[in-house]
Amino acid sequence: MTKPNPGSRPAHPAQGSRLDRFFTRHARQLARHTSRRGFLNRLGLFAVGASALPLLPIARASAAAQGTGAEPDAATPQGDIFDCNYWRYCSIDGFIASCCGGTAHSCPPGTEMSPVSWIGTCLNPADNKHYIVSYNDCCGRTTCQRCFCHRNEGDKPVYYPSKSNDIDWCMGKAGVVYNSTVSVVIGVNE
Amino acid sequence: MRNLAVSILLLASLAHADVPVETLGQVEVLPEPFSPHWFWASDPILERVALVDYTRNAVLGSVDGGWGITVPLFPQKDSREFYVPETYYSRGTRGERTDLVAVYDSVTLMPVAEIIIPPKRAHNALPNANATLTDDEQFLAVFNMTPAQSISIVDVGNRRFVEEIPTPGCSLAYPAGERRIMMICGDGALLFLTLNSDGSLQHKQRTEPFFDPHKDPITEKGVRVGDTWHFVSFEGYLYSVDTAAATDDHAAMFPPPWSLVSDAERQDRWRVGGRQFLAIHEASQTAYVLLHQGEIDTHKTGGTHLWTFDLSSRQKTGAYKLVSPGFTFSGVPTEFGTDWIWPFNQLYTALAGISFVEPHARPDAIVVTQGSDPTLILGGQFSGMVAIYNATDMTFQHRVTTGNYSNLALLLPGWGAKE
Numbered sequence: 005m006t007k008p009n010p011g012s013r014p015a016h017p018a019q020g021s022r023l024d025r026f027f028t029r030h031a032r033q034l035a036r037h038t039s040r041r042g043f044l045n046r047l048g049l050f051a052v053g054a055s056a057l058p059l060l061p062i063a064r065a066s067a068a069a070q071g072t073g074a075e076p077d078a079a080t081p082q083g084d085i086f087d088c089n090y091w092r093y094c095s096i097d098g099f100i101a102s103c104c105g106g107t108a109h110s111c112p113p114g115t116e117m118s119p120v121s122w123i124g125t126c127l128n129p130a131d132n133k134h135y136i137v138s139y140n141d142c143c144g145r146t147t148c149q150r151c152f153c154h155r156n157e158g159d160k161p162v163y164y165p166s167k168s169n170d171i172d173w174c175m176g177k178a179g180v181v182y183n184s185t186v187s188v189v190i191g192v193n194e
Numbered sequence: 087m088r089n090l091a092v093s094i095l096l097l098a099s100l101a102h103a104d105v106p107v108e109t110l111g112q113v114e115v116l117p118e119p120f121s122p123h124w125f126w127a128s129d130p131i132l133e134r135v136a137l138v139d140y141t142r143n144a145v146l147g148s149v150d151g152g153w154g155i156t157v158p159l160f161p162q163k164d165s166r167e168f169y170v171p172e173t174y175y176s177r178g179t180r181g182e183r184t185d186l187v188a189v190y191d192s193v194t195l196m197p198v199a200e201i202i203i204p205p206k207r208a209h210n211a212l213p214n215a216n217a218t219l220t221d222d223e224q225f226l227a228v229f230n231m232t233p234a235q236s237i238s239i240v241d242v243g244n245r246r247f248v249e250e251i252p253t254p255g256c257s258l259a260y261p262a263g264e265r266r267i268m269m270i271c272g273d274g275a276l277l278f279l280t281l282n283s284d285g286s287l288q289h290k291q292r293t294e295p296f297f298d299p300h301k302d303p304i305t306e307k308g309v310r311v312g313d314t315w316h317f318v319s320f321e322g323y324l325y326s327v328d329t330a331a332a333t334d335d336h337a338a339m340f341p342p343p344w345s346l347v348s349d350a351e352r353q354d355r356w357r358v359g360g361r362q363f364l365a366i367h368e369a370s371q372t373a374y375v376l377l378h379q380g381e382i383d384t385h386k387t388g389g390t391h392l393w394t395f396d397l398s399s400r401q402k403t404g405a406y407k408l409v410s411p412g413f414t415f416s417g418v419p420t421e422f423g424t425d426w427i428w429p430f431n432q433l434y435t436a437l438a439g440i441s442f443v444e445p446h447a448r449p450d451a452i453v454v455t456q457g458s459d460p461t462l463i464l465g466g467q468f469s470g471m472v473a474i475y476n477a478t479d480m481t482f483q484h485r486v487t488t489g490n491y492s493n494l495a496l497l498l499p500g501w502g503a504k505e
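Chains A and B, in that order, give the protein sequences. Heads up: the first sequence begins at 5 in this note's numbering, then just goes up one per residue. Heads up: the second sequence begins at 87 in this note's numbering, then just goes up one per residue.
Where hints are given, some of them may not hold.
Derived contacts from chain B toward chain A, CB cut-off under 10 Å, selection only [stated by the list, open to error]:
| # | residue |
| --- | --- |
| 1 | Ile202 |
| 2 | Ala211 |
| 3 | Ala215 |
| 4 | Leu258 |
| 5 | Asp383 |
| 6 | Pro445 |
Over 10 Å on every C-beta distance to chain A, these chain B residues come out as not near it, computed from the model [as the list claims (entries may be wrong)]:
| # | residue |
| --- | --- |
| 7 | Asn210 |
| 8 | Asp221 |
| 9 | Leu287 |
| 10 | Ala332 |
| 11 | Ala338 |
| 12 | Gln371 |
| 13 | Phe422 |
| 14 | Phe430 |
| 15 | Gln456 |
| 16 | Gly489 |
Note that these hints are calculated values from the structure, not bench results. All values reported here derive from a predicted model rather than from experimental measurement. C-beta: ideal position from N, C-alpha, C; glycine also.
Okay, chain A solo, but in the shape it has when bound:
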């Protein structure tokens, strides 16, 4: 989870090379419906690995506890919530809600947060701890098209839902229409 990913790149409009911005713009257009993600928690992970038990949705958004660890300096990529290299975006593949009217952990106005998600484990460089991050999709509006981030650390195939960011996690009452993704810290990986 700590390996730098060559796929990650700055996506804040004010940052990155001309080439980055050129392709970022295309990525935004493209990724409108292409990949989505996120899902349950560690419990779900065991369920996937161990048995044929139903993978019941587990509402993470309401249960999510905010991280208590220190955040990196906001002037650094690791601390910039508009930057794909922000530490907690390590397993993301989608538009970050921060660029779409939300924050790193809240959805844009008018959308609904998916109650189910996929899970990543990201290293916070400020305290050198690994945090468990729930990637919930923001649903009900068409794709944001800003700040498309594609890091995929720990991503698994679709048949391994709890770790798969290729799944459209806008499901059930939230509908399938995907707008963006939040990265909610739900605990420290001891």
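Since the structure of chain A is provided, determine the placement of chain B on it from the hints.
Coordinates of chain B only, in the frame set by chain A:
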């Protein structure tokens, strides 16, 4: 006065027109017999799939598929119709959700029937395996995820939804027999569903795990040759599944996997990657695979190179640096320069080469036609166009425009005589 004169001249010219008067309201149908040179390219931005003739660089038509990636399913025994799983909301992005299987006439490209299914269809970034026809082509299986996993069975012949089969812990849908469907489970096992003649569930059979999804998961991008499914893992191991073997005969069903990447190549960071990075030419037993040099977690990154393998001898038979299929500008496919004089006709290729610098713009999808003179089609999410190769010697032929903003899935319908 001048206007009057112009009008008189115009009428006079019409009266002496050499072009015959034409009938309004004409609409084309696809020419028969269908050509083996046609492929479909799916675009989630335009919510459609376009039909293209790669020999003529001609778009022949398109089908709209609603929200997500449109992936039609094409029967081989009777190609007069095909099926499109679709999702719609009554008010665009809100309101009541309806999922259905639309039946299309292959000649007119008009929908001729609809079969409503439970509004649970799985949506994800995969170009395949979210639905399949059974081999008897009587039933269509649609993978659902709510996130509870299940399969909806549709009787396409009788135009009716049959039933929903719960498949907890197992995902996707691959054909595996007359009325048999294969799914991949989260623990590395397979689940087989066998249907009765009316489409209802006869029984489920689950194998023992044959790979470790924690250490080195197989990708979902499987390719079928006869009774065998081939899957490549993140680390480049080829796993084969003989679906004709008994599900409790592990050794017969799962031959030992072998690595497409040698130790030295792995040391050089060569990895498989992409959305449709594997294609197989059946008669010659040649596997085509997209590769790039990258770190762990770059399994979705497209290829800079294509390697070929002989599946019989398990030997690598070639390695080719790819020509970029093209690039888009502000989402619109670009196309220029092919008729310019040398060396200016090379300008587009040079510019398109930029796509190899940015990992996400690399070509990430291949399909290969069957027959004695196979063609390989290379596309990418951002490529706008696709590149056409002679698959026998991997020489680049030309580029073809699909009209799409993005090409997220390339599909060969299997139409026409094999050449």
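Hint-by-hint comparison with the structure:
1. Interface hint at Ile202/B: violated, since its Cβ lies 16 Å from the closest Cβ of chain A, which is beyond the 10 Å cut-off.
2. Taking 10 Å as the C-beta contact cut-off toward chain A, the hint placing Ala211/B at the interface holds, the least distance being around 4 Å.
3. A hinted interface residue such as Ala215/B counts as satisfied when its beta carbon comes closer than 10 Å to some beta carbon of chain A; here the least separation is about 8 Å, so the hint holds.
4. A distance limit of 10 Å between C-beta atoms decides the matter here; for Leu258/B the minimum to chain A is near 6 Å, and the interface restraint holds.
5. Taking 10 Å as the C-beta cut-off, the interface hint given for Asp383/B holds, the closest approach to chain A being about 5 Å.
6. At a threshold of 10 Å, the smallest CB-CB gap from Pro445/B to chain A is about 5 Å, leaving the interface hint in force.
7. With a least CB separation of 5 Å from chain A, Asn210/B falls inside the 10 Å interface cut-off, contrary to its annotation.
8. For Asp221/B, the non-interface assignment is confirmed: its Cβ lies about 22 Å from the closest Cβ of chain A, beyond the 10 Å cut-off.
9. The claim that Leu287/B is not at the interface with chain A holds, since no C-beta of that chain comes within 10 Å of its own (minimum 15 Å).
10. With a least CB separation of 20 Å from chain A, Ala332/B remains clear of the 10 Å interface cut-off, as annotated.
11. Against the 10 Å criterion, Ala338/B stays outside the reach of chain A, whose nearest CB is about 23 Å from its own CB.
12. Non-interface call for Gln371/B relative to chain A: holds, since the shortest CB-CB distance, roughly 26 Å, exceeds 10 Å.
13. With a minimum CB-CB distance of about 17 Å to chain A, Phe422/B clears the 10 Å threshold, and the non-interface call stands.
14. Distance check for Phe430/B against chain A: the nearest CB is about 23 Å away, which clears 10 Å, and the non-interface claim stands.
15. Residue-level check passed: Gln456/B sits 27 Å from the nearest beta carbon of chain A, beyond 10 Å.
16. Here Gly489/B stays apart from chain A, with its beta-carbon at least about 15 Å from theirs, past the 10 Å limit.
The earlier numbered hints that this structure contradicts are 1 and 7.
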